[in-house]
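Below, each chain spelled out in residue letters.
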Amino acid sequence: DTGVSQDPRHKITKRGQNVTFRCDPISEHNRLYWYRQTLGQGPEFLTYFQNEAQLEKSRLLSDRFSAERPKGSFSTLEIQRTEQGDSAMYLCASSSRPTGRETQYFGPGTRLLVL
Amino acid sequence: QQPVQSPQAVILREGEDAVINCSSSKALYSVHWYRQKHGEAPVFLMILLKGGEQKGHDKISASFNEKKQQSSLYLTASQLSYSGTYFCGTLVTGANSKLTFGKGITLSVRP
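Top to bottom, those sequences are chains A and B. Note that the working numbering has the first sequence beginning at 1, numbered continuously upward. Note that the working numbering has the second sequence beginning at 1001, numbered continuously upward.
Hints listed in this document are in silico derivations from the structure and should not be mistaken for laboratory results. Backbone N, C-alpha and C define an ideal beta-carbon position, used for all residues, glycine too. The reader is advised that the hints may include incorrect statements.
Chain A is faced by these chain B residues, among others (derived, beta-carbon under 10 Å) [to be verified]:
(1) Ala1027
(2) Ser1030
(3) Tyr1034
(4) Gln1036
(5) Val1043
(6) Met1046
(7) Ile1047
(8) Gly1052
(9) Ile1060
(10) Glu1066
(11) Lys1067
(12) Gly1089
(13) Lys1098
(14) Thr1100
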């Protein structure tokens, strides 16, 4: 399967711990996006990469959140000092062209629960 | 600003039709429709571009009224597999790839 993959699929952690999620985009896609989705809501934009460059970050992405895409392929999203409010589904998406003319394809997500 | 989707929920019998709507207060470049089933990733259905171009699912149709900044998704002869939550994602003109999603509409198709 050549779709977007994310790892892990589920993560349970205690408040105050650090967590890291990985996203592998569709192989020929140079654009990669991170979203957060809470129950009953649509995905909320967090950040966006074109190749290895992080082009935009949402105000939702506090100083505890950092994302990287060091070689322009896979990406990681790290949350430091997790809080209960960080509990959500973290979705990754990728596209091959600017979103205006091409859509974004989503991975299965990582569901985070902070106890 | 988040697009507004309506109605909030739809319940259908198999074979019935439905229309779900998405409206924005901002000038849009494109509208993207997705369906999400519980615990799964959103799945792409349709993209509607400013100027009338459409790309997507051949059994689902949609419209985009550029003057009103509104889009509608038309589900005809619904099947059980159509059940899920439908999201519209809007790209505001000049927004550089950032999609803003509505809260979603839950659609249930019953036998």
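Contradicted hints - numbers only: 1, 8, 9, 10, 11
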